[in-house]
Amino acid sequence: MVVDSARGGAPPIVEFDRVSKRYRLGASHGSLRDLVAGWGRRLTPWRANEPDTHEYLWALQDVSLTVRPGQVVGIVGHNGAGKTTLLKVLSGVTKPTSGHVAVEGRVAALIELGAGFHPDLTGRDNIYLNGAILGLSRQEIKGRFNSIVEFAELEKFIDTPVKRYSSGMYARLGFAVAAHTDPDLLVVDEVLGVGDVSFQQKCFDFIHSYVAGDRTALFVSHNLYVLEQLCNVLIWLDRGQIIRCGPPSDVLPAYFDYEEQRALAQQTAPAPLDGALRIESVRFEDEAGVARETFPTGSAITIALEYTTTGPIRRPSFCLGITNPGVGQPLIGASMLADGQAPPQLNGRGLLRCSFPCLPLLPRVYEVWGEIWHEDRTRTIVRWQRLGRFRIAYPETGPDAPGTGSIRHLRADAPIHAPYTWDY
Amino acid sequence: MKQHIAELYRHRDLLLLWTLREIGVRYKQSLLGAGWALLQPLALMVTFTVVFGMFIQLPSDGVPYPLFAYTALLAWTFFSASVTLAIPTLVNNLNLVTKIYFPREILPIATILASLADFFVASILLLAAVLWYHLPWSINLLWLPLIVVVQVLLALGVVLPLAALNVFYRDVRFVVPLVVQLWMYATPIIYPLSLVPASIRPFYSLNPMVGIVDSYRRVILHGSPPSFEYFGLSVAVSLILVLVGYAYFKSMEQYFADLI
Chain W
1 MVVDSARGGA PPIVEFDRVS KRYRLGASHG SLRDLVAGWG RRLTPWRANE
51 PDTHEYLWAL QDVSLTVRPG QVVGIVGHNG AGKTTLLKVL SGVTKPTSGH
101 VAVEGRVAAL IELGAGFHPD LTGRDNIYLN GAILGLSRQE IKGRFNSIVE
151 FAELEKFIDT PVKRYSSGMY ARLGFAVAAH TDPDLLVVDE VLGVGDVSFQ
201 QKCFDFIHSY VAGDRTALFV SHNLYVLEQL CNVLIWLDRG QIIRCGPPSD
251 VLPAYFDYEE QRALAQQTAP APLDGALRIE SVRFEDEAGV ARETFPTGSA
301 ITIALEYTTT GPIRRPSFCL GITNPGVGQP LIGASMLADG QAPPQLNGRG
351 LLRCSFPCLP LLPRVYEVWG EIWHEDRTRT IVRWQRLGRF RIAYPETGPD
401 APGTGSIRHL RADAPIHAPY TWDY
Chain V
1 MKQHIAELYR HRDLLLLWTL REIGVRYKQS LLGAGWALLQ PLALMVTFTV
51 VFGMFIQLPS DGVPYPLFAY TALLAWTFFS ASVTLAIPTL VNNLNLVTKI
101 YFPREILPIA TILASLADFF VASILLLAAV LWYHLPWSIN LLWLPLIVVV
151 QVLLALGVVL PLAALNVFYR DVRFVVPLVV QLWMYATPII YPLSLVPASI
201 RPFYSLNPMV GIVDSYRRVI LHGSPPSFEY FGLSVAVSLI LVLVGYAYFK
251 SMEQYFADLI
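Protein chains in written order, with my numbering: chain W, 1 to 424; chain V, 1 to 260.
A couple of the hints might just be wrong.
[Unchecked claim] Using 27 Å as the maximum straight-line C-alpha spacing, the simulated DSS-like pairs for lysine-lysine come out as follows:
{"hint": "1", "chain 1": "W", "residue 1": "K142", "chain 2": "V", "residue 2": "K28"}
{"hint": "2", "chain 1": "V", "residue 1": "K250", "chain 2": "V", "residue 2": "K28"}
{"hint": "3", "chain 1": "W", "residue 1": "K163", "chain 2": "W", "residue 2": "K142"}
{"hint": "4", "chain 1": "W", "residue 1": "K202", "chain 2": "W", "residue 2": "K142"}
{"hint": "5", "chain 1": "W", "residue 1": "K156", "chain 2": "W", "residue 2": "K202"}
{"hint": "6", "chain 1": "V", "residue 1": "K250", "chain 2": "W", "residue 2": "K95"}
{"hint": "7", "chain 1": "W", "residue 1": "K142", "chain 2": "W", "residue 2": "K156"}
{"hint": "8", "chain 1": "V", "residue 1": "K28", "chain 2": "W", "residue 2": "K156"}
{"hint": "9", "chain 1": "W", "residue 1": "K163", "chain 2": "W", "residue 2": "K202"}
{"hint": "10", "chain 1": "V", "residue 1": "K28", "chain 2": "W", "residue 2": "K163"}
{"hint": "11", "chain 1": "W", "residue 1": "K95", "chain 2": "V", "residue 2": "K2"}
[Said to hold, decoys possible] Which bits of chain V does chain W cover? Going by a derived footprint, with three or more residues having C-beta under 8 Å, they are:
{"hint": "12", "segment": "100–110"}
{"hint": "13", "segment": "231–245"}
[Stated by the list, open to error] Looking from chain V toward chain W, a few residues come up when the C-beta cut is under 10 Å (computed):
{"hint": "14", "residue": "L20"}
{"hint": "15", "residue": "R21"}
{"hint": "16", "residue": "G24"}
{"hint": "17", "residue": "V25"}
{"hint": "18", "residue": "K28"}
{"hint": "19", "residue": "N93"}
{"hint": "20", "residue": "N95"}
{"hint": "21", "residue": "L96"}
{"hint": "22", "residue": "V97"}
{"hint": "23", "residue": "W132"}
{"hint": "24", "residue": "W183"}
{"hint": "25", "residue": "E253"}
{"hint": "26", "residue": "Q254"}
{"hint": "27", "residue": "A257"}
{"hint": "28", "residue": "D258"}
I should point out that these hints are in silico values taken from the structure, not numbers from a laboratory.
Ideal Cβ placement from N, Cα and C applies to all residues, glycine included.
Produce the entire structure from the sequences given, and follow the hints as far as they go.
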C-alpha cells in the first residue's frame, strides 16, 4: 500500500519498502552463564540460528509507505498496533528486521519531549545539549536561542538547573527546542498533551502554522479529531500491518466502523444479581420485531428485557437510559418514576418492552443502562447498571447518508440529532 | 569505517557539548569540584610512597619515589576512570538511546574525553613536582602529545567493544572493576619495569599500558625518548583494539535500542 497524494513528482522524504520489525519477548539479554555456555555463538546472540524457544512479536509487518514533501501524515491505531515502532524505525533509533528504509533530509522526532535533559544542568546548557542531540550545530542553536527561550516562556528560569523545573516547564522547554530544529520532517508522537492549557494552545498554533507552511510532518495521536484536522493522509495500523491508508475522510469512517464492531463484540449479559427480580437478557428490535445490533439513524428501536422473578412483584418501576459507552449518564431516558406507569404485577418469566418510535441519534455505539425500583419508590430492586449495547450507523443511501461534515461533530459532540436549519 | 567517522564528525558539536556536560556534571554539587581529579592520583601516590617507597623500599630507577609513582598513576587513573565510567554510558542513558538517533559512540567517547580533562588537571601537580625536583627539560618532552593520543586510543579500544557488550550482558559491569584492579598490578606503576624478569617481559609488554607508562617515565623523568619496542607495541595493540572495537561497536549499534 502506498501513500501517494500531494505532489506526486517530488522525491519522497521517507520511503519504507516492505519493512518488518520483530521483537523477542521475554528476557531481553542474557547473563554471563549464557555467555560461557556458547561463547562464539553468544557474542552475536541475535543471529543465533539454533532452534530457539523464544516467542516473537512482529511489531511491524510488510509496511510500505512513502511520504512526500508537503504531506502531513497521521498514524492511527490501538496501543500495540506498531505506531511507536514505526516512528523508531523511521528516526533510525532501531533497524528493521527486514525491508528497507530510506530517509532524505533531517528528521526531528519528538518521541519524548526533553529526552536527554540533564537535571543538574541549567535550562541554557540543556537547550544547547538537546539542540545538538536533535541535530543542530552550536551556531544554529545560538541563533535560535532567544526564540526558544521566549517560546518556552522561561526567561526568568533559564539559568536554573532543570531539576528545579515543574513538569510543565520541563515539557515546554522540550517542545520549544524541538520546535526550533526546523526539520525536513517533523515527527510528533503523542506529546501534545503537555503543559497548561495556554501552552497546549501555543503548541497547536505552532503545529497548525507549521503544517500550513506546506511542510512535511508525521503525527501519532489517539486524538483522532486533531489528526483529522491536521493531516491529509492517514495510515491505520493494526497489529503491525497497514489496514488502510488514504485521506482522513476515507480512513476514519472505516476505522470507526472497526472500532464500533469491536465495542459491540464486548456485548455482555447484565450481571446476574441475586434478588427477587432478575434481568436475563436484553435485545434490540426494529419495527418488524426483528432483533438486530445496528440501526439506521432516526429509526425505531424497541428495547426488550427478559426477566424472571422468584415471586410476585407488585408495581415495579423500570428506568432505562441510553448512554455513551462506559459513562452511564443517560442521553435519553425512559422512566416509570417520571411517567407514573408500572406493570401491575410481574410473576415468573416475562418480557418487558420499551419502544422509541424514532431515536434521533448520530452514528456510534451506545449503551443501555437500567434500574428497577420497588413499589414504594424509595429503594431499588436492581441497581443502575449496563444492560446492553447497540449501534447506530448511517444508512448506505438516502437523504440521511453521510454528509461532508467533520467527523469531530458527528462522532464526539452532541450525539442527539434534532432537526435544525440555518439562516444566513 | 570511513562513513562512521564522517558521521561522527558531523556530530562533533554534540560530542563537544556532551563532553562539557560530562565534565560539568561530574563535579557539580561537590565541594572540591575539579580538586577531586587531583586528589585521586594524589592519594594513591601518598599511599604507595609510604608503603612501597618507605616500608618496602622498592627501587624507583633513581627517581624520587613519589614522582616515580605519580607519573604512572596519572596515566593509570585516566585509563581506569575511562574504562569504569565509559562502559556503562549506553545503559545509563537508555532514555536517549531508545528515543533519539545519534551516533551512539558519542556517549562513551565523551566520558573518555571528560576523563582526559581530569588527566590534564592532575598533570598540573606533576608539572609542579617536576619544577620542585629541578628535573631537566628535554627535547624528548615533544613525545608527550603522541603518548597522550595513544593512551586515548587504547581507552577507546577497550571501552567501545565492552560498552557494546555491556548492553547485551550486564555482567561486563561487574567484571570490569575486577579486571582493572588486576590490570594495575600487571603494569609497572608501583614497581619499575626493570624488576620484571627478562624471561617474561615479551608477554608482559603485550599489555599496552606497559609501553605507555614506561614512555611517560622515560620522557618526563629521564629525558630520554620512549623505548621503540615497548611503545611501538603499545601503539600497535592500541590501534588494533580501536579498529576492531569500533567496528564491533558499530555493527552492534543497531541492536542497542531493542535490547537495553
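Results for each hint:
no. : hint            : result
1   : W:K142 x V:K28  : 24 Å, holds
2   : V:K250 x V:K28  : 32 Å, violated
3   : W:K163 x W:K142 : 23 Å, holds
4   : W:K202 x W:K142 : 23 Å, holds
5   : W:K156 x W:K202 : 19 Å, holds
6   : V:K250 x W:K95  : 13 Å, holds
7   : W:K142 x W:K156 : 18 Å, holds
8   : V:K28 x W:K156  : 22 Å, holds
9   : W:K163 x W:K202 : 24 Å, holds
10  : V:K28 x W:K163  : 13 Å, holds
11  : W:K95 x V:K2    : 20 Å, holds
12  : 100–110         : holds (count 3)
13  : 231–245         : violated (count 0)
14  : L20             : 8 Å, holds
15  : R21             : 6 Å, holds
16  : G24             : 6 Å, holds
17  : V25             : 5 Å, holds
18  : K28             : 5 Å, holds
19  : N93             : 8 Å, holds
20  : N95             : 5 Å, holds
21  : L96             : 5 Å, holds
22  : V97             : 8 Å, holds
23  : W132            : 37 Å, violated
24  : W183            : 19 Å, violated
25  : E253            : 9 Å, holds
26  : Q254            : 4 Å, holds
27  : A257            : 4 Å, holds
28  : D258            : 6 Å, holds
Of the hints listed earlier, those the structure fails to meet are numbers 2, 13, 23, 24, in rising order.
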